Structure formats: structure tokens, C-alpha cells
Amino acid sequence: MNNYVGKSVARKDAKEKVSGLAEYAVDIDYIPNLLSGKFLTSPIAHARIVSIDTTEAEKIPGVVAIVTGKDWPVKIGLYAGDRDILAVEKVVWIGQPVVALAAESEIIAEKALSLIKVEYQSLEPIFDPKKAMESKDILVHEKMVEYNHSPAFNPIPGTNIANHFKLRKGDIEDGFNKADEIFENEFSMPQVSHAYLEPIVSIGHYRKDGSIEVWSSAQSPFTVRYLLGITFATPTSNITVHSPFLGGGFGGKAGLNFEPLAVLLSRKARNRPVKLMLTREENFRSAPIRVGMVASIKTGVTKQGKITAQQIKYIWDSGACADYAVNVGRAAGYVSIGPYDIENIKSDSYTVYTNKPYATAFRGFGHLELHWVIERQNEIITKKLGIDPVAFRKLNTLKPGTGITGNQHRLREDAGSIDECLDKVWIDLSPKKDKIKSFDPWIFRGIGIAGFMKGPAQPPNSASSAYVKFNEDGSALVSVGTSEMGQGTLTSLAQIAADELGLPFEKIKIRGDRDTDRDAYTWQTVGSRSLFMDGNAVKNACINAKEQIFETVSQVLRVPKSDLTIKNELVFPRGEPWKHLSLSEVVMGYMYPSGESIGGPVIGHGTYMAKMTILDANTGAGNPAIFETFGAQGVEIELNALTGEITILKLVSAFDIGKVINPQLCEGQVIGGSVMALSIATSEKLQYSDKGDLLNPSFVDYIISRSGDIPKEFITHFVENPQEDGPHGARGIGELTMIGVPAALGNAISDAIGVEIFDLPITSEKIWSEIQKQKPTLISNLKQKMMEGI
Amino acid sequence: MIKEGTRPTKTLSVILNGQKRVTEIQSNETLLDVLRNKFQIKSVKAACWVGDCGICTVLLDEKPVKSCLVLAQETMNCTITTVEGITHNDKLTELQDAFIRHGAVQCGYCTGAFLILGHYIINQQQRFTFSEIQEMINGIICRCTGYLQIIESILEVNEKQFR
Chain Z
3 MNNYVGKSVA RKDAKEKVSG LAEYAVDIDY IPNLLSGKFL TSPIAHARIV SIDTTEAEKI
63 PGVVAIVTGK DWPVKIGLYA GDRDILAVEK VVWIGQPVVA LAAESEIIAE KALSLIKVEY
123 QSLEPIFDPK KAMESKDILV HEKMVEYNHS PAFNPIPGTN IANHFKLRKG DIEDGFNKAD
183 EIFENEFSMP QVSHAYLEPI VSIGHYRKDG SIEVWSSAQS PFTVRYLLGI TFATPTSNIT
243 VHSPFLGGGF GGKAGLNFEP LAVLLSRKAR NRPVKLMLTR EENFRSAPIR VGMVASIKTG
303 VTKQGKITAQ QIKYIWDSGA CADYAVNVGR AAGYVSIGPY DIENIKSDSY TVYTNKPYAT
363 AFRGFGHLEL HWVIERQNEI ITKKLGIDPV AFRKLNTLKP GTGITGNQHR LREDAGSIDE
423 CLDKVWIDLS PKKDKIKSFD PWIFRGIGIA GFMKGPAQPP NSASSAYVKF NEDGSALVSV
483 GTSEMGQGTL TSLAQIAADE LGLPFEKIKI RGDRDTDRDA YTWQTVGSRS LFMDGNAVKN
543 ACINAKEQIF ETVSQVLRVP KSDLTIKNEL VFPRGEPWKH LSLSEVVMGY MYPSGESIGG
603 PVIGHGTYMA KMTILDANTG AGNPAIFETF GAQGVEIELN ALTGEITILK LVSAFDIGKV
663 INPQLCEGQV IGGSVMALSI ATSEKLQYSD KGDLLNPSFV DYIISRSGDI PKEFITHFVE
723 NPQEDGPHGA RGIGELTMIG VPAALGNAIS DAIGVEIFDL PITSEKIWSE IQKQKPTLIS
783 NLKQKMMEGI
Chain F
20 MIKEGTRPTK TLSVILNGQK RVTEIQSNET LLDVLRNKFQ IKSVKAACWV GDCGICTVLL
80 DEKPVKSCLV LAQETMNCTI TTVEGITHND KLTELQDAFI RHGAVQCGYC TGAFLILGHY
140 IINQQQRFTF SEIQEMINGI ICRCTGYLQI IESILEVNEK QFR
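In the order they appear, the protein sequences are chains Z and F. Counting from 3, one number per residue, gives the positions in the first sequence under the working numbering. Counting from 20, one number per residue, gives the positions in the second sequence under the working numbering.
What the hints contain is simulated information worked out from the structure, not anything from laboratory work. Computed from a predicted structure; not experimentally measured. Be aware that a few hints might be false.
Capping the alpha-carbon separation at 30 Å, the derived lysine-lysine pairs in BS3-like fashion look like this [what the hints assert, rightly or not]: (1) Z/Lys775 with Z/Lys9; (2) Z/Lys386 with Z/Lys77; (3) Z/Lys511 with F/Lys82; (4) Z/Lys17 with F/Lys110; (5) Z/Lys17 with F/Lys29; (6) F/Lys110 with Z/Lys9; (7) Z/Lys775 with Z/Lys386; (8) F/Lys57 with Z/Lys17; (9) Z/Lys785 with Z/Lys775.
Build out the structure end to end from the sequences listed, making use of the hints.
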């Protein structure tokens, strides 16, 4: 029986957060002898470092340590070791840290930095991902082959291609021969910023005994710990990583970022701790961003609307490093045809280096991007064939038992249903399909829909664990490795634990901060994996704790363990609640009236291992994910043809998440995620000068959605086809909430005014100029009507 | 500690969250830095330090300001209110309670700013519409929630005042 699962209980951290008590890495200033760290960045996109002169800076009183790349020339990274802590031989993007120093104050640090002289010898840079892919003479990383790569990746020596993922099935030419119509298009989207509000903060302390302690705004403290161990050639047990509450992450704080630099500075500063805190501009220029994408797609379709062949080339602009983004290309590679069952597939996904800021994970992990391509293409097809958009999709969608990685791995029977999601969204949109005649002839209404799927992109041996530790009064502490960055998973995990242990929700404690020494291990807090993976681990830990409790109680009550249950903090044989012991009598060991005691303090542990396989290097076949969450999103818009402005009247979403653990948290993800996606779809773009200098590193020039920009109405549906091996049948949702929005918007514009958009962001200016290009007489006709009206 | 520059220091006296507080400041220090670093008011967060994001909003003489754009020396003898000042022990205000019930909190980094601005809106003793509140909070960025629940929380408490 569930008391909490399925209910909108308030977040565990809500009170701390509304009271201003929640501590973030940025707030930590109480570590004794803390120094301020600052770094000097490269002003050139591609250059050899000729010399670095720090003599003048060293003379400034209060400067404690200065480090350059040569102090620790170890390449770091998650899947590919391609990043210098500080540039060693050459710089590869404007904003790359070159020299860093630690000083008694930030003001001293800044003054000292201004006195450092670096001489560069310029090299030809490369910014365009298509050109970078072809280039053999301009290479961002000449020594790429020497880097350490995870075996799942396939860099191409002598090129800028950091990974090439292939998905192959059937015979592509045969598929095109069977088609009645062939559609060829190109789509793109630019690099964008995560724009989490808390900037990146890393505090490093390299102690005299060689142990390392780090406090960092890190989504994945265990991965940070592991990679720091490799970076500094020290056992993992020598390292402690704390990650307090995060002020947003969205993937941008996954992986290893500025932690090694903070540790390196501390090591040089004679073991004093050093705090690196990025300004917003530094965060834009030097911290990781999201990949850009260029895609070309060729689709063969029958007159009836069956897709016979899909040929795609994705080029992922990863910027100067791809240590995490190689996996964006891989994940988007194996889902590259979207949630469809297609006989003949040839898809190539290339992660390429360019001389721009480097990319990392971003909520959606390539899937918002790939579904922009697939679902816009589908709209263009349905329009041409004159088929209902949902009917067309449903004719081609994956069904349980068909499969992913190009149908080369069969989906579980209980995988969930995209068709149900498409139907639910379409019903809420279609009554408005007959466009309401607007008062003004220059206002056009339209609707658009997009279907999608995504599962967690993680290594096949990704693991989670949890422990449950009881206190004297029968309350319990749950420990997991998942970080709290706003998504609220910890609350859902506490709900699962409360139900499993028969405890009131208030008696479950789950801390918001992570400490790798104290907390149970999890691989990373990414990919919407935590509820499923950690949720199973928590459930298993509770079962294990109950086993210990029942062992003791069965002896005291003289009943078999299998008869026992826990409800309302009482342990009793099923059906006989009057024959009970209270939890508090048992969880520290039970004492008989004689004083003789049995059992002992209860600590339950549980684990969960991903069930996946390594994908075939030539075809992409294999089991890539523990689940796929299916969904659909649609928008209804009003478009002003004279100005290109769009108003979002309605945003409808449906997701098959198996089981809604906490409706309010799920809905919060949907609203927040879809507004973030609208922001990306309509305005966000990192813009560069022809020298590769970022032109908009501020919230004035890089515009993200504000309260006035949100849709007028949100409608959200959750479909609950449970997945047997999910906690209570649940699948993940966090990232899914963004994926369909851009394509749905593009499709709605097409529906409204018959103008096709291929490139994000869809700014008003872009709509207006596309109307001019694609419908040259429309605006002049409207203006004439307007004049006649006067 | 090494002396920072040669700027003369001044004594700043303010009424911070109902208490008289005094500290030494330099002429170029912002209110944001003084609140966070000298008075240890950590609910006031920063995300841009240049007035673009609104995350550092506090009430200065009962009016909302971006504390990164105010020089500390300008606030001599002023009253300053932050989230710490509207919370007493574990008794939450109606607005804080509404934020929790509506799910207006995700990462929490912007929450203090929206609460303080919401507190100001409610103190106007004036009834506002959804779109007026939407407009009034447009100066603060939130990247997590999509704003809807924040607007709804403020609206609910505002409506209650006129029931």
C-alpha cells in the first residue's frame, strides 16, 4: 500500500530553500586560510604558446601561487582525455584558461593577472563544423590519437572527428527504391549556454599528506572524485568531494570541470585551500556549453506514409574539447531516427572539434536536437503527402517488441507507448485545427506536434547504491549519490523509502548535499537516470533493512519472517496488528525484559546495476539504455506576419513515465523544461565574431525566457504504462520535458503560415525574413489590406 | 591579511532585517558584497553581478533593488530586508508557504529574490492580476521552474488579502 508514492508531497528541501538556509558551493567561505583563485584566458582561438612571463605578477604582495599548464601537463576528461587543465602547448579557444593564480583576495588576484604576459604564435583557426569535419590541415588536436579514449568511441586519426558513430540496418538504396517520394533537407541549431544561475564554483584543498578535499558545484561528485584520482595519480580513497545544493546544472555541471585547477592551485599554494568562482562572463567563455548541430537527412516514403529508408548525417559541433560530447554524438547516433521503426537505415553521427568553447552534457543530450531534425522532416513529409500528422507518425512508430538502435534491439514489452502520448496531445490541439478567423488578417494561428523518446545515456556498467540507517526513535536516514540541482529526485526517493519502510514521510531524512565519503555511490546525476537507478537501489536497501528488522522480530514474536510486515512504524504478523513491536524497539537491537539483547543497529544497503550492452561498432546494434521514455508535445500559436512575433497560446505535453511518483514534481519538470526549451527554440544562440570571440557573454545579450514569455496555458498528461523493473514501474522524465518543443513550434509555424524553418533559434526576425523569402507577396498584400482597412 | 588597495574605509551602519548592524566598508564595495561577505547574509545570491539577472534583489527602505547595483556607502542608515528578515525560527510567511505548496521552488537559487519581490508586491496592499504580477517579476531570471508556480504563489497570497 502506498501512502506517499503517487502523491504531491512537498519537496524535502523546500523549507531550507525558502528560508535562505540552503547552502551552495558559492556560499562556502568558512574554510580556514582560503585563497581566491583566478585564471587568465586565451584571447586567440588557435595559437601556439611561445612564452609565459609571470615575473611581475609574482612581485605583487598577496600572490601565493602561480601555475601554468607545464606544472601539471595531464590531459583530463570523462570519455576522452582531450583537455588541458591549463593550456600546455597551444590554446584552442578564446576563453581557455592559460595561467592561474591564488592570492589573498580576488582584487589582488585580478591585479596580478593583469601583469602576466603571454606570447602567442597564431595558428589558423577553424569554426565551421562542416569545414572542421573535412579539414586535414587545420587540426584542433593534432595529437588526438595519443589521448586516452573510452573503448566505446571511435576517433578518426588525422581529422577533427572525435567520434564517429554508425547506425546501419537493411539496404539503404533498396529502401529508397521502394519509396514513392524522397525528401532531402538540412537542419541546424547553434551552440547554446546552460545558463544555470549559480556559476561554477570549485574549492580545492591539496593537503600536506597528499589527501585532496574538494567542494564543488558538481552534478557528479563521484565521477569528479574518480577522475581527480586519475589526474593526480592518487587512490580514490585519498579524495573527498562535497557537492552542496546546486543552483541548476542541466548537464553543464556534469563531468570534470574546474576541480583539477582548484586542486592544482592549492598544491602550489603550499597546501592552502583555493576557491575558484567564475563570473558570468567567465562562465560563458570558459565553462562548457551545449553542442551545436548541422544535419542532413534523406527520407524515402511510400504514398501511404510508410518510411522505407532514412539516411542521416549529424555533425555535432563540440568546440575545442569533446571529452563528454563524444557521448552526445553516440547517444544521438543510436536514437538518430527517432522513435520510429524503419527497415533501411544509414546514419552517421560525427562529434567534431572546432576552435570554440567546449561542449558537455545538456538536458536532452542530443535528443532535442535530433528530434528537431526528425520531427520537422516528418511535418514536411505529411504536408506533401496530405496525411494527418499523427496518423503518419503512428504508422511508423516503435511499438513494444519492435526496437531501438534501428530496431536491432527489441524494446521491452512494458516499454511504454508513444502512440498514446501522441493521441493525448493531439486531442487537446485538434479542436483548434480549424483556424479561428482572427480579427486581424495578419495574425495566423497554427498547431504543431512532435513525438520523441529518450533513455539515459550511460556506460553499460553504470551503477547506483543506497543505504538506509535507522535512528534510536525509529526514524531513518536514506543515503544516495544523486545530487540535488532542482529536479527533486531526492524527494521522490524519500517517498519510495517511506512507503517501503512503513514510516511517516517526516521520519525519513535525505540530505540535499553530497559527500563522497559519507554517501552511497552513484555514477552520475544525469540522463534522467536517478529515479530509476537510485530508486531501485533505495527500494533494495529498504528491503535489506526490513530483512534485518524481521530477523529480530521473528525471534521475539516467534513467527516466520515471511509473515511480518511494517505499517505505521509497527512490525507485526500480517493480519494481526495487535501483536506488534514498534520500530523504535527493534532498530537499535531488541532488549528482552531480562536485559538480554539481540539484533543490532539496522543499516540496510541496496544496489542497482544498469542492464545494457556495448553497441556494435559497425551497425550500432545492442541494448543502449535501461529504459526509453516516450512522449509527445504540441503547441498552438498565434503568429503576426507583419512582425514575425509568436504568442504561444497553449503548450500540451504527454509522457509515458510508467508511474508518477510525485505529480507536482513531475509537472514542475514539464513546465520548467518546456519553458527552457521554448527559450532555446526562440532566442538562444552563442554568437561569435569571425575570430571566434564570443559576442554575447551576458544575460543582456544572451536572452533567456523571463516570466512574461511563458505560454498562456500548459496542459500536461502522464501516461502510466508501468515498466516492471522500474521503481513502482516508473521511468525518468527530467530531460524529456524539453525534447519535443522546438520541432512542435517549427511545425506550428508551418501550419500557420506555410513557411518552413530549418534552423534554430526561431527569432521573430528569422520568421519575418523567411516569410519574405518563402512568401514574397504575403506581407505586401497584408499591408495593402491594412491600408484599405484604414 | 594583506591590505587591499589604499582606498579609505568607512563605517557603514544599517538596519538589516530589523537589527542595527555596523561594519567597515570600502567606497567601491557593493551592497551585494557587503551583505554576503560582511554580514553573512547568504540568502542573497548572485548570478551576474552586473544588474542583468535580478537574483540579488533585496528591499532597500522597503523598495526592491538589485543589490549588485547599489554601492554599500549609499545605504547608510537605510533599512534592508532579505529572506532572513521575513522568517522567524521555523514560522514561514504565507508567501513562503505558498511557494512550497505550489512547487515554486526547484534549485532554489532564485527563490530568495522572488520571495523578497513577492513580499514587496504583497505589501502594496493592492490587488494585482496574473499578468500584472507576471510583468512585475519580469526582472528576475529563473532557469528551472518556468515561472508559472511563482506567479501563482504570489497571486494566491495577494488574492487572500482581499477576501
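Right, here's what the structure says about each hint:
no.	hint	result
1	Z/Lys775 with Z/Lys9	51 Å, violated
2	Z/Lys386 with Z/Lys77	51 Å, violated
3	Z/Lys511 with F/Lys82	38 Å, violated
4	Z/Lys17 with F/Lys110	10 Å, holds
5	Z/Lys17 with F/Lys29	37 Å, violated
6	F/Lys110 with Z/Lys9	25 Å, holds
7	Z/Lys775 with Z/Lys386	20 Å, holds
8	F/Lys57 with Z/Lys17	25 Å, holds
9	Z/Lys785 with Z/Lys775	17 Å, holds
Hint compliance for this structure: hints 1, 2, 3, 5 are broken, all remaining hints hold.
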